[in-house]
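Trainee: Residue numbers (this note's numbering), protein chains in the order written: chain W, 1 to 321; chain L, 1 to 277.
Don't read these hints as lab results, they were simulated from the structure. The beta carbon of each residue, even a glycine, is placed where N, CA and C say it ideally should be. You may find that some hints are simply not true.
Unchecked claim - In silico DSBU-like links for lysine-lysine, alpha-carbon gap of 35 Å or less:
no.: 1; chain 1: L; residue 1: K55; chain 2: L; residue 2: K105
no.: 2; chain 1: L; residue 1: K105; chain 2: W; residue 2: K236
no.: 3; chain 1: W; residue 1: K164; chain 2: L; residue 2: K270
no.: 4; chain 1: L; residue 1: K183; chain 2: W; residue 2: K51
no.: 5; chain 1: L; residue 1: K226; chain 2: L; residue 2: K165
no.: 6; chain 1: L; residue 1: K177; chain 2: W; residue 2: K191
no.: 7; chain 1: L; residue 1: K196; chain 2: L; residue 2: K183
What the hints assert, rightly or not - Residues from chain L shown here face chain W by an in silico Cβ test under 7 Å; the list is partial:
no.: 8; residue: N12
no.: 9; residue: N48
no.: 10; residue: P51
no.: 11; residue: M127
no.: 12; residue: A130
What follows is the residue order along each chain.
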Amino acid sequence: MPISRKLEELPKIATREGYGQTLVELGKENENIVVLDADLAAATKTNMFAKAFPDRHINCGIAEANMAGIAAGLAASGKVPFISSFAMFVSGRAYEQIRNSIGYPGLNVKIGASHAGISVGEDGATHQCNEDIALMRSIPGMMIINPSDNIEAQAAVRAAYAHKGPVYMRFGRLAVPVFNDREDYKFELGKGIILREGKDVTVFATGLCVVEALYACDMLAKDGIDVELINIHTIKPLDEALVVSSAAKTGRVFTVEEHSIIGGLGSAVSETLSENCPTKVTRLGMRDVYGVSGPAVELLHKFELDAEGIYHQIKETLKND
Amino acid sequence: MDRLELKKMALNVRKGIVDSIYSAKAGHPGGSLSAADLFTYLYFKELNVDPKHPKMESRDRFVLSKGHTAPGLYAALAYRGFFPVEDLVTLRHVGSYLQGHPDMKCVPGVDMSTGSLGQGLSAAVGMALAGKMDGKEYRVYALCGDGEIQEGQIWEASMFAGHRKLDNLVVIVDHNKLQIDGKVEEVCSPYPIAQKFQAFNFHTITIDGHNFDEIEAAFKEARETKGMPTAIIANTLKGKGVSFMEDIAEWHGKAPKKEEYEVAVEDLRKEGEALCR
Numbered sequence: 001m002p003i004s005r006k007l008e009e010l011p012k013i014a015t016r017e018g019y020g021q022t023l024v025e026l027g028k029e030n031e032n033i034v035v036l037d038a039d040l041a042a043a044t045k046t047n048m049f050a051k052a053f054p055d056r057h058i059n060c061g062i063a064e065a066n067m068a069g070i071a072a073g074l075a076a077s078g079k080v081p082f083i084s085s086f087a088m089f090v091s092g093r094a095y096e097q098i099r100n101s102i103g104y105p106g107l108n109v110k111i112g113a114s115h116a117g118i119s120v121g122e123d124g125a126t127h128q129c130n131e132d133i134a135l136m137r138s139i140p141g142m143m144i145i146n147p148s149d150n151i152e153a154q155a156a157v158r159a160a161y162a163h164k165g166p167v168y169m170r171f172g173r174l175a176v177p178v179f180n181d182r183e184d185y186k187f188e189l190g191k192g193i194i195l196r197e198g199k200d201v202t203v204f205a206t207g208l209c210v211v212e213a214l215y216a217c218d219m220l221a222k223d224g225i226d227v228e229l230i231n232i233h234t235i236k237p238l239d240e241a242l243v244v245s246s247a248a249k250t251g252r253v254f255t256v257e258e259h260s261i262i263g264g265l266g267s268a269v270s271e272t273l274s275e276n277c278p279t280k281v282t283r284l285g286m287r288d289v290y291g292v293s294g295p296a297v298e299l300l301h302k303f304e305l306d307a308e309g310i311y312h313q314i315k316e317t318l319k320n321d
Numbered sequence: 001m002d003r004l005e006l007k008k009m010a011l012n013v014r015k016g017i018v019d020s021i022y023s024a025k026a027g028h029p030g031g032s033l034s035a036a037d038l039f040t041y042l043y044f045k046e047l048n049v050d051p052k053h054p055k056m057e058s059r060d061r062f063v064l065s066k067g068h069t070a071p072g073l074y075a076a077l078a079y080r081g082f083f084p085v086e087d088l089v090t091l092r093h094v095g096s097y098l099q100g101h102p103d104m105k106c107v108p109g110v111d112m113s114t115g116s117l118g119q120g121l122s123a124a125v126g127m128a129l130a131g132k133m134d135g136k137e138y139r140v141y142a143l144c145g146d147g148e149i150q151e152g153q154i155w156e157a158s159m160f161a162g163h164r165k166l167d168n169l170v171v172i173v174d175h176n177k178l179q180i181d182g183k184v185e186e187v188c189s190p191y192p193i194a195q196k197f198q199a200f201n202f203h204t205i206t207i208d209g210h211n212f213d214e215i216e217a218a219f220k221e222a223r224e225t226k227g228m229p230t231a232i233i234a235n236t237l238k239g240k241g242v243s244f245m246e247d248i249a250e251w252h253g254k255a256p257k258k259e260e261y262e263v264a265v266e267d268l269r270k271e272g273e274a275l276c277r
């Protein structure tokens, strides 16, 4: 299978590292930042902040609902709290606290959700959250950023801090290729990034699936399929103008995400296109199923969300068009 | 404000509760009335607040964790001067800022949006923690229901507050013994309440929540208690002040009809007359 050697040679870093590092950098510049954890500071990488600023790190113990509420109270008192846990526990367990104590009053709380998706790996289905984007999208005023690599994760954390209001940031456990390390990389909240222009189909990808889709595009190009690949790091608000213009150009759309095909990027793109530019959309992601235990890379392969799986799914689907 | 004035103000607050809920044709009179003396004492004696500067940084914070009793909070805020008393009757009307449950974005003097039981105390804990981190003098008060403490989040917040020794935090439990479905001890007993808070490293004080001397003494004791948060268990009567609502679970969450409203107003008027004698 022909994969660009250059991509293969890229260093691999988990996006949660970027979260931890950037919090430390922001913490030096901004006294009002406080970081909250629910006994997972080592896993969410916020232990770096805890070490640098022990007085501004608040471990709430294993009590995510209370952590979200405490953050609301801190934000109401002028702090900028970042609450951190696994995506499953912070978006799932504390959903209603985020909705009612943070979202409804519009408090300036940032949610750092690590270990999202099936790439959690061996811990299995109870810890693999494929529903968090769906949950968070439904909260009015919630911004959602799902960075694709460590560079983008760092930019996302800075942008989240600069934005006034609640932001949900989705990070992964798995070390993934750092492909945004280039001079012309520019992160703008709410703006998709065209990684490759094409005329046959558009692929909207998010999170760790972006780099996998990049590999898949190379394979599809060799088969004569010219793909336009767009990185959607901000899922809400969605870059509707870009989604519509690219769909209008190619007339065929795929979405790729390490998340359920219900309620995530696939839904957001489908909703926008249904209303503005009806286009056939195929959603690649978790097909309304739970994950299983296993090494992350093997799971991405099993659920066809690695380059080979994305390539195969797009190729086969287009055959039947 | 002396005892008599406090009692008269509490009657105003009760009248505001009855008027606003009658006008809204919906709301929660029982728990608003049981906490009316607590609301009155807090806003007219205890809290360092300024109606002209509702966001004053040094203010004491109040979180109504039992947010459904907003009519009591709104009445106290209105009489304290945060907004016009005449606005109370817009409660729950489309277009009114007086939402069914407190909304900090649009009601002057409301420090936290609440309504979903169990959540307000965590926010109060966050405010108390911020005060400690910044060396601020302000104190934080949270009012919970005795049914509300069935929520697990109350105990997560209490564990944290005790652990962090937040002595700038006072939790008041409006212990009126009733919740929507009946007696708290029959629905799912929260007893023993004081011992539970003690086990979470709180100082506890049990009082008659309708006796201003006891309320005053309890808040004083709370201020003097160092190294741990205080929980005040206030024994109250649900529906207090309106004869046919007293100690009846059914009046947890419904509005009086016209004839009932007239009886309620008459009850409060007579009480006022008695105070003037």
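Trainee: So, against the hints stated earlier in the document, which numbers end up violated here?
Mentor: Of the numbered hints, 3, 4, 6, 8, 9 and 10 do not hold.
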